[in-house]
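Participant: So you can see what is in the structure, the chains are spelled out below.
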Amino acid sequence: MTTDALRDFLLSRGLREASTDEVVSCPLPEPYIDAVPAPGGGYYRTSHEIGLKILLSRGSGDIFEIGHCWRANESGRLHREKFTMLEWYVVGANYLDLITFTREMLLDVSQAVSGASRLSFGDSATDLGAEWLLMTVGEAFDRYSRLKMSDAVSLGVFEEELSFRIEPSLPQEVPVVLIDFPAEFAALSKLSDENPSLCQRWELYIRGVEIANAYTELTDPLEHRQRLAKFADVRKGNSSEEYKENKEFMEAVNRGIPHSAGCALGVDRLNMTLNCESSL
Amino acid sequence: MYSASDLRKGLKVEIDGEPWAIMDFEFCKPGKGQALYRCKLKNMISGNTMDKTYRAVDKLDRPNLEEREVFYSYKDGAFYVFSDAETYEEYRLGEDMLGNRVYLLKEEAECKILFFNSQPLDITLPIFIEKQIADTEPGARGDTATNVTKPAKLDNGYEIQVPLFVNRGDIVRIDTRTGEYAERISKA
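Protein chains in written order, with our numbering: chain A, 1 to 280; chain S, 1 to 188.
If you are wondering where the hints come from, they were derived from the structure by calculation, not from laboratory data.
In this text the structure is predicted, and so the values were computed from the model without any measurement.
You may find that some hints are simply not true.
Straight-line Cα separation of at most 25 Å, SDA-like style, residue types lysine to any residue; simulated pairs [said to hold, decoys possible]:
id	chain 1	residue 1	chain 2	residue 2
1	A	K82	S	S5
2	S	K40	A	A130
3	A	K247	A	I54
Interface residues of chain A toward chain S, partial, derived using beta-carbon atoms under 8 Å [what the hints assert, rightly or not]:
id	residue
4	E22
5	Y32
6	G76
7	R77
8	E81
9	S150
10	F158
11	F185
12	A187
13	L191
14	S192
15	S279
Glycine included, C-beta positions come from ideal geometry on N, C-alpha and C.
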């Protein structure tokens, strides 16, 4: 039901649905995401990013995919090794444009699934239809952590502070969008034009649970190579499995990924939230 | 060695030479960031608890824990002597490890001792043990309410709460996990 409603919305906005391969030759060397090897060789995809960026580079235009992804050793209240992800890209857009888009999509989906935008969790409620709270990651640190964002990054405790101080403290009545992550956590997003220590990335939280992650996509081939080399170094330093270069992805980067914004959304978590539950 | 991804509720690990049990466990992973394994740990010697967060690269030692079947033999001064069911080796445990359970020991009772590096760490008694009531006031006739209890003493002086129908000389079953009356086995 949630999946159908997401698809209906995206098709109504003119995005094309893609169905890329669930198995990739090798994953991108993201520092902290491990892929599950596929029995016939290669790996199960950890997101739709490789497949969809290849299509974007071939001129697909606005595009989305809903399907299973796999991440090794991720299992917990909010994690499953195999999960359903929606990923979509809007050509010509930047990350901030996707906030409005995502809000309209979730309102539509919530109406379709539960007939309302207000979700009741015991004695408190979250209204998806209320104005979403936008806060920079830096502000969130100032409000909820004892450390400044830059200090948390340099001390190597950014994730701890975000997970254990900030996420549990975020307002629950409305969705919260944390914007402008430190450049160290840019993944493959574009750095901020005004301040290159930040990147054009946001995360959507509903009741302290991370639901979606969006970027203005990196397009520059040289910067792609530098970032991926840096990621591979981190993996090597952590004795994580080393992944070979994904040739098809690098071809796409060299061909040219159009200026676009992309977002990945955890469908199982969204479903959990729309059903007013707090674990998968 | 355990790696962080092995951590889960109930697992026992060694930290700074002491055994700790994981009482609570949560897997966290902020988007694109490192996995965090948040544990609530209990020291198996002191009972102290602490919260600790591990990362995927962290390694933890596996404690050398062994459980052996023993039976209770006799009391020797301040010590309670248990014999290994297999080797008949004797282990002497102090009252501090047994607590109130010293009153529930019976000769030949089959117990289990948990060892950490050959040091006794904890003992488990049989879940139920039968004891005779040495002394209790007679229950008032006609009072049949089931949730009403009265104190009763075992021959070693240990006091438990029993239902009103239990009398002096009755054999009762006691739950060693709680130290409380469970049921009456036979009447005097």
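Participant: A separate judgement is required for each hint: does it hold in the structure or not?
Facilitator: Tested hints:
no. : hint               : verdict
1   : K82(A) <-> S5(S)   : 17 Å, holds
2   : K40(S) <-> A130(A) : 37 Å, violated
3   : K247(A) <-> I54(A) : 11 Å, holds
4   : E22                : 21 Å, violated
5   : Y32                : 5 Å, holds
6   : G76                : 3 Å, holds
7   : R77                : 7 Å, holds
8   : E81                : 11 Å, violated
9   : S150               : 16 Å, violated
10  : F158               : 7 Å, holds
11  : F185               : 6 Å, holds
12  : A187               : 5 Å, holds
13  : L191               : 15 Å, violated
14  : S192               : 17 Å, violated
15  : S279               : 11 Å, violated
Consistency with the previously given hints fails for numbers 2, 4, 8, 9, 13, 14 and 15, ordered from lowest to highest.
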